[in-house]
Amino acid sequence: MDTVKLTIDNREVEVPKGTTILKAAQKLGIDIPTLCHFELEGLGVHNRPGGCRICVVEVEKRRNLAPACVTECMEGMVVKTNSIRVINARKTVLELILSDHPSDCLQCAKSGRCELQDLAIRFGVRENPYIGGNHEMSSYQVEVSPSIIRDMNKCVMCRRCETMCNEMQTVGALSAIERGFPAVVSTAFNQHLDHSPCTFCGQCVAVCPVGALTEVDHTSKIIRAIADPTKKTVVQVAPAVRVALGEEFGMEPGTIVTGKLTAALKALGFDYVFDTDWSADLTIMEEGTELIGRLTKFLAGDKSVPLPILTSCCPAWVNFFEHQFPEMRDLPSTAKSPQQMFGAIAKSYFAEKIGCKREDMISVSVMPCLAKKYECSRDELKVNGNPDVDYSISTRELARLIKLANIDFTALPEEKFDSPLGESTGAAVIFGTTGGVIEAAVRTAYEVITKKPLPKIDFEELRGLEGVRSATVDVDGLKLNIGIAHGLGNARKLLEDIKAGRSQFHAIEIMACPGGCIDGAGQPQHHGNSDIIKARWEAIYRADREMPIRKSHENPSIQAIYKEYLGEPCGHKSHELLHTHYFDRQTTVEVDVDKK
Amino acid sequence: MDKIIIKMKKEVREKIIEICNRFNNNPGELINVLHATQDFLGYLPAEAQELIAECLHIPTAKVYGVVSFYAFFTMTPKGKYPISVCLGTACYVRGAEKILDAFKKELNLEVGQTTPDGLFSLTCLRCVGACGLAPVAMVGDKVYGRLAPADVKNIVKEYKDLEAANA
Ligand code: SF4
Ligand code: SF4
Ligand code: SF4
Ligand code: FES
Ligand code: FES
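Chains A and B, in that order, give the protein sequences. According to our numbering, the first sequence holds residues 1 to 596 in order. According to our numbering, the second sequence holds residues 1 to 167 in order.
It should be emphasised that the hints constitute simulated quantities derived from the structure, not laboratory data. Backbone N, C-alpha and C define an ideal beta-carbon position, used for all residues, glycine too. One or more of the hints may lead you astray.
[As the list claims (entries may be wrong)] Just the calculated beta-carbon pair ranges, DEER-fashion:
| # | chain 1 | residue 1 | chain 2 | residue 2 | range |
| --- | --- | --- | --- | --- | --- |
| 1 | B | LYS153 | A | ARG179 | 31 to 39 Å |
| 2 | A | GLU12 | B | ARG126 | 43 to 51 Å |
| 3 | B | GLU97 | A | ARG179 | 20 to 28 Å |
With the hints as extra help, turn the sequences into a complete structure.
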């Protein structure tokens, strides 16, 4: 590979051609400040508008300061990252940004994790010559949707969210609008996210450096529910939470904290602490049966069966196809997401078991996800207006609750989930990452179809972090073509193929977030460090290997609920409780027939 | 939220589709498509932007991003009597700003807005080529020159009277 040699702050460094000054400096341990620049290496996420100019450096023989994040290294370049000129320029940039930024940091949801605040601290900003100048500060209304709060007065126009929404997700809900001081990133006509094609994936929130985009916070509602003596509180925890929550308490990324997490939920006072992994196993029974059913019909010659079957566990993905590909909505499995399956069982089977009325039960989920907040609010997932899941909180919100309750997380003992909705398998925990749902389904489908034990449980060919993957799994002679996509832009590619009749897949797994739920928008912030995501990814498979049972259909408590309550997978009762239907949510402009 | 269906008059819909076709539905021609549509409709209502987005296969947010960025695009329909005050150099030095302020006060309007009854809208122009008459304002195609702030009341009244006579 071609390399170039240059000098940065009097130190020599050799880097591959095309490397930016920012990266070359990082190699020397020189940390040039950045704001708009954002990257998740290995996951296809880049935002490099070169717009904020906080990263400027002095390059010898060039008249203007150069933004380090977009300027490529050249042979013999001499760079200064900390000259007086550079420091003054950066300070001015920061002061200008701050002159159009509210300074109510104490009340801001991002306080302590805000990249702008970090810069202000780093530069020792004590006063600002530009505040009170002859301009008015932006005055946008704070907007609250089911998942996301948008406070555009705090927007610093880094355009990271726009990149996520348009390039990564290809949703196109967001764009830069207006100019000058009112310039922000917003929706068409600056209207509510609810009236846009937004999927509530939350990836815009995951990358926003400041408090402009944050999640809807339910922590105080949870505290109230737990304190209410007339209510029984039931909580479920998604697989990806257990490999990330520890980070909020200073533990190494990738630490598995299932036991402490359970202990913390009990210490918080939830009446029943259960596991979404249990309902992930249930999902496999339903979705797997549906897959086998469609395949059997197809192989018997019925070409009208909707194939490939698409997974349906990710609510942002569900929103995506409802908005963008409504004509293909017979393809996804009708199985509800594990969160909603859990909610439906908690408020039926389990409520009956403990003699609790539906209205007296508060069902809470802890999720790596912001789309799940929206999902709870969907009407078809309620019974007489009472939702199957009352509140969905993120991993971050749970950490806040734990801190609020003076619980020393790292010192907690390891506890176990309650019974009966707490038992699970290795197949369930891998739902937390891309490729996991389909691997879990294959483990079960193989044994159900062939009636033989799996020769090897680990399907390495389905694992990985590339955006689109495919593999052919040999089910005792039957060749099953499987596709996997994470990130909605990657999902779009597979959908376009299906639409054009180019797809050879029998089944496709889709997750909206890059990496799957391990990088969900409700997880502790990674600030662009993809090593954190990789560590969570490895932890998921470690958690799988540590489970005594690793196939969903072998979960004894799942077997029991079919015997006792549900009957058959995809049977009558299952359909009523565990399956759903989808809508056409596309916006179209039609001719008005009422007016002439 | 369920499917959103936006209604539009048949002629308008067909015309916008024709404009987009004329530019080969090429997203790179967005600005020209918007210009042509605004020339036809006088403004760029949300429905038109939705339809343009559909034709060019780009997000509506992007279309709105462009419309809101450039000052010459507007989302408010022009009034029946569009008032434009010239802010070119000659008019400016002869007190055009005071004329503009007088219109704002008389109509209780900001630049770029239209009165709720749809009669008057207010915009600014650069030199209309009548510098000898500075300061100048136009109502539709009619030019009013050598204006003083006190004239503004009468101009507005002229059109209000016209409206009353027609009613
Ligand atoms: S939540 Fe996802 S779809 Fe919605 S605006 Fe943010 S990035 Fe776009
Ligand atoms: S909302 Fe946040 S991520 Fe989006 S442009 Fe503004 S500051 Fe950047
Ligand atoms: S991938 Fe997971 S975290 Fe992301 S939106 Fe889907 S379900 Fe939520
Ligand atoms: S971080 Fe380099 S221009 Fe913004
Ligand atoms: S602390 Fe409030 S936006 Fe940064």
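A quick look at each hint next to the structure:
no., hint, verdict
1, LYS153/B with ARG179/A: 31 to 39 Å, "holds, 35 Å"
2, GLU12/A with ARG126/B: 43 to 51 Å, "violated, 56 Å"
3, GLU97/B with ARG179/A: 20 to 28 Å, "holds, 23 Å"
Of the hints listed earlier, the one the structure fails to meet is number 2.
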